[in-house]
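In numbering that gives the first Met the number 0, the protein residues as written are 0 to 445.
Hints were generated in silico from the structure; no laboratory data involved.
Values in this document were obtained by computation on a predicted structure and should not be read as measured data.
It is possible that some hints are incorrect.
To be verified - Label pairs and their calculated CB-CB ranges:
| hint | residue 1 | residue 2 | range |
| --- | --- | --- | --- |
| 1 | 71 | 412 | 52 to 60 angstroms |
| 2 | 386 | 71 | 42 to 50 angstroms |
| 3 | 354 | 386 | 40 to 48 angstroms |
| 4 | 443 | 280 | 33 to 41 angstroms |
| 5 | 418 | 304 | 37 to 45 angstroms |
| 6 | 58 | 8 | 39 to 47 angstroms |
| 7 | 225 | 298 | 30 to 38 angstroms |
| 8 | 231 | 326 | 41 to 49 angstroms |
| 9 | 231 | 11 | 46 to 54 angstroms |
| 10 | 4 | 72 | 45 to 53 angstroms |
Positions of the beta carbon are idealized from the N, C-alpha and C atoms, including for glycine.
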Amino acid sequence: MLDEKIEPFFDVVVRRNPGEVEFHQAVREVLESLGPVLAKYPEFTEHRILERICEPERQIIFRVAWQDDAGEVQINRGFRVEFNSALGPYKGGMRFHPSVYLGIVKFLGFEQVFKNSLTGMPIGGGKGGSDFDPKGRSDDEIMRFCQSLMTELFRHIGEYTDVPAGDVGVGTREIGYLFGQYKRITNRYESGVLTGKGTGWGGALVRTEATGYGTVFFVNEMLKARGSSLEGRTCLVSGSGNVAIYAAEKVHQLGGRVVACSDSDGVVHDPEGIDLELLKQVKEIERGRVADYAERRGSATFIPRGNIWDLPCDVALPCATQNELTGKDAATLIRNGCVAVAEGANMPTTPEGVRAFHEAGIAYGPGKAANAGGVATSALEMQQNASRDRWSFAHTEGRLEEIMVDIHQTCHDTAEEFGTPGNYVVGANIAGFIRVARAMVALGLV
0 MLDEKIEPFF
10 DVVVRRNPGE
20 VEFHQAVREV
30 LESLGPVLAK
40 YPEFTEHRIL
50 ERICEPERQI
60 IFRVAWQDDA
70 GEVQINRGFR
80 VEFNSALGPY
90 KGGMRFHPSV
100 YLGIVKFLGF
110 EQVFKNSLTG
120 MPIGGGKGGS
130 DFDPKGRSDD
140 EIMRFCQSLM
150 TELFRHIGEY
160 TDVPAGDVGV
170 GTREIGYLFG
180 QYKRITNRYE
190 SGVLTGKGTG
200 WGGALVRTEA
210 TGYGTVFFVN
220 EMLKARGSSL
230 EGRTCLVSGS
240 GNVAIYAAEK
250 VHQLGGRVVA
260 CSDSDGVVHD
270 PEGIDLELLK
280 QVKEIERGRV
290 ADYAERRGSA
300 TFIPRGNIWD
310 LPCDVALPCA
320 TQNELTGKDA
330 ATLIRNGCVA
340 VAEGANMPTT
350 PEGVRAFHEA
360 GIAYGPGKAA
370 NAGGVATSAL
380 EMQQNASRDR
390 WSFAHTEGRL
400 EEIMVDIHQT
410 CHDTAEEFGT
420 PGNYVVGANI
430 AGFIRVARAM
440 VALGLV
């Protein structure tokens, strides 16, 4: 519940941002944790940090006109919300998906502020994207779209200003086209302006794996805090994109077994454990669907339009999209014996689901903490670009694991300090907020 002193402020946020339900949800989820913080640190109220932190520093919306392979002119809308730069340059991904609109980008940017704060790295928070759908488009079409988008976006970004990365629908291919156009326009090989680059031209080893690996490092730490681990655990991983694939890979490396993944067409259930090499072949090389995986894997069953959360598991890792795991799904997972949930996607669990997990005593890691490994490794990529250096896979993965262990400890200890032991939502929200708020106070009224 919202503190009575915060409730009127939330009403103002809703009124000032009409129709942006995802943004409202993200703001409320953070505000629900902050009553004790404002009581302990009255200077945050004096400096009106809540009002300022919920208002983006800059919101950019622009037209993206491009030509498809048939010669037809297509029009999309591009977004970049530069939310908060108190800790460093804006940092956050670009999402290409038909669902993208201002409310989605603002929710993602708001979450990014606190996620980036939790990493301890000197990066602020931002997010962007377009309602462009890359599914079914040729490489040439995607290139032309990316070039058109960057022709506008380039003037707003830079390694000391705003550093975009990939997200849903934006992988190494798209980052390559975006970076090529940025280089062409600016006449600068400014490697640090985009992250998620190919390893042959400025990218960092482990960046592809980082979000999924980091989520699993986090859930393993939650289990360790309860005297357990992933060893021998049965896991469900929703989605089948980059985050899901590498979350499954790290689960297997730590002794667990992922038995199901999904996409928008349905669920593949493989009781013997997902064959990661086959899944990578289908998804990353062939750009196929999980149904294609099931056709080629004798132990797998494809469930059209199925719900992955109906399957029994010990650990659930929602890695697909926002609000995919409902209160009803949470109740099913609890009934089936699930003991831990960590979010690889951003805000994939509805408020009803989060409440159910807390009431049942499930170890629940919110996305702003559990999936922060992706942006943390992006910051490591920026470090390597700035120093003209290249680190080994083992070194970079070691840094990633250290960061995720530290994030877990920070959230764990902060939750205890504020009287909610084991509540990683409270721990993440408060720890992330305090660091940003202190910087905003120190920098004055800007």
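Evaluation of the provided hints:
1. 71 to 412: 52 to 60 angstroms: holds, 56 angstroms
2. 386 to 71: 42 to 50 angstroms: holds, 45 angstroms
3. 354 to 386: 40 to 48 angstroms: About 45 angstroms separates the Cβ atoms of residue 354 and residue 386, which means 40 to 48 angstroms holds.
4. 443 to 280: 33 to 41 angstroms: violated, 54 angstroms
5. 418 to 304: 37 to 45 angstroms: Holds, since residue 418 and residue 304 (Cβ atoms, about 43 angstroms apart) stay within the stated range.
6. 58 to 8: 39 to 47 angstroms: violated, 20 angstroms
7. 225 to 298: 30 to 38 angstroms: holds, 31 angstroms
8. 231 to 326: 41 to 49 angstroms: Violated, at about 29 angstroms.
9. 231 to 11: 46 to 54 angstroms: At 50 angstroms between Cβs, range holds.
10. 4 to 72: 45 to 53 angstroms: At roughly 52 angstroms between Cβ atoms, residue 72 and residue 4 fall inside 45 to 53 angstroms, so the hint holds.
Of the numbered hints listed earlier, those contradicted by the structure are 4, 6 and 8.
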